[in-house]
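Participant: Spelled out, the chains give:
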Amino acid sequence: GQNIDQPTEMTATEGAIVQINCTYQTSGFNGLFWYQQHAGEAPTFLSYNVLDGLEEKGRFSSFLSRSKGYSYLLLKELQMKDSASYLCAVRDESTLTFGKGTMLLVSP
Amino acid sequence: GAGVSQSPRYKVAKRGQDVALRCDPISGHVSLFWYQQALGQGPEFLTYFQNEAQLDKSGLPSDRFFAERPEGSVSTLKIQRTQQEDSAVYLCASSLNRGYNEQFFGPGTRLTVL
Chain A
6 GQNIDQPTEM TATEGAIVQI NCTYQTSGFN GLFWYQQHAG EAPTFLSYNV
56 LDGLEEKGRF SSFLSRSKGY SYLLLKELQM KDSASYLCAV RDESTLTFGK
106 GTMLLVSP
Chain B
205 GAGVSQSPRY KVAKRGQDVA LRCDPISGHV SLFWYQQALG QGPEFLTYFQ
255 NEAQLDKSGL PSDRFFAERP EGSVSTLKIQ RTQQEDSAVY LCASSLNRGY
305 NEQFFGPGTR LTVL
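Protein sequence lines correspond, in order, to chains A and B.
Here my numbering is used: the first residue of the first sequence is 6, the next is one more, and so on.
Here my numbering is used: the first residue of the second sequence is 205, the next is one more, and so on.
Hint data in this document are derived by calculation from the structure and do not stem from the laboratory.
Note that this is a predicted model, so its numbers are computed, not measured.
Every residue, glycine too, gets a C-beta built ideally from N, C-alpha and C.
Errors might be hidden in some of the hints.
[Unchecked claim] Restraint-style ranges between C-beta atoms, simulated for each label pair: (1) B:211 x A:59: 25 to 31 Å; (2) A:13 x B:260: 26 to 32 Å; (3) B:272 x A:18: 45 to 51 Å.
[Unchecked claim] Chain B side only, calculated, beta carbon under 7 Å to chain A, not exhaustive: (4) 247; (5) 252; (6) 309.
[What the hints assert, rightly or not] Once the Cα atoms are required to be at most 25 Å apart in a straight line, the calculated SDA-like pairs of lysine to any residue come out as: (7) A:105 x B:306; (8) A:105 x B:225; (9) A:86 x B:308; (10) A:105 x B:255.
Kindly produce the complete structure, drawing on both the sequences and the hints.
Facilitator: This is how it looks when you write it as structure tokens:
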């Protein structure tokens, strides 16, 4: 089975940096994904890690340590529009198992 | 060039009623997934198709749930004799092929069972 943990809520200030952690215990591993989901909308893809290390894409970076079962999503220069739920998901053969999501609230 | 579309966007059903939810994946996408998302939770996997073959239906919560993709494109998720606990957003996603990294999600169908 798969068990994925991430904090329920986080708050941060506009312009700041925030790190959202995700730990997982899975029977299989074929990559870790981060998705962003605004209220009432579809999840949208942010990043994918399958090897250890940091993947940087603009203001967003994602890190993976397979030996520790740990990932984080780093958001820099926060903007109000970054207020959303951030979903960590692990893929086994072909299906994704999602965590419950971390609701990030960015305040002025 | 449209993304994944789903219909209806909202559905209200009386308990015991049957419902059918439709998903139009991105053209040419081989893999199609259905998820159920309860309020404040992450999406939970229901079932997976590769072309018309249903390769995994381990996430379907009961035999009241049935999914099909007869021609390998459009898919329908059917829920028979709906119950209040079926109230959720049903998300459909597609990806280019089984090994492809990114799943593209549709906007979902919000089902409310009264």
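Participant: Now, for every hint given, state plainly whether the structure supports it.
Facilitator: Each hint tested on the structure:
{"no.": "1", "hint": "B:211 x A:59: 25 to 31 Å", "in the structure": "40 Å, violated"}
{"no.": "2", "hint": "A:13 x B:260: 26 to 32 Å", "in the structure": "29 Å, holds"}
{"no.": "3", "hint": "B:272 x A:18: 45 to 51 Å", "in the structure": "49 Å, holds"}
{"no.": "4", "hint": "247", "in the structure": "5 Å, holds"}
{"no.": "5", "hint": "252", "in the structure": "6 Å, holds"}
{"no.": "6", "hint": "309", "in the structure": "4 Å, holds"}
{"no.": "7", "hint": "A:105 x B:306", "in the structure": "19 Å, holds"}
{"no.": "8", "hint": "A:105 x B:225", "in the structure": "24 Å, holds"}
{"no.": "9", "hint": "A:86 x B:308", "in the structure": "21 Å, holds"}
{"no.": "10", "hint": "A:105 x B:255", "in the structure": "29 Å, violated"}
In summary, the structure is inconsistent with hints 1 and 10 from the numbered list given earlier, while agreeing with the others.
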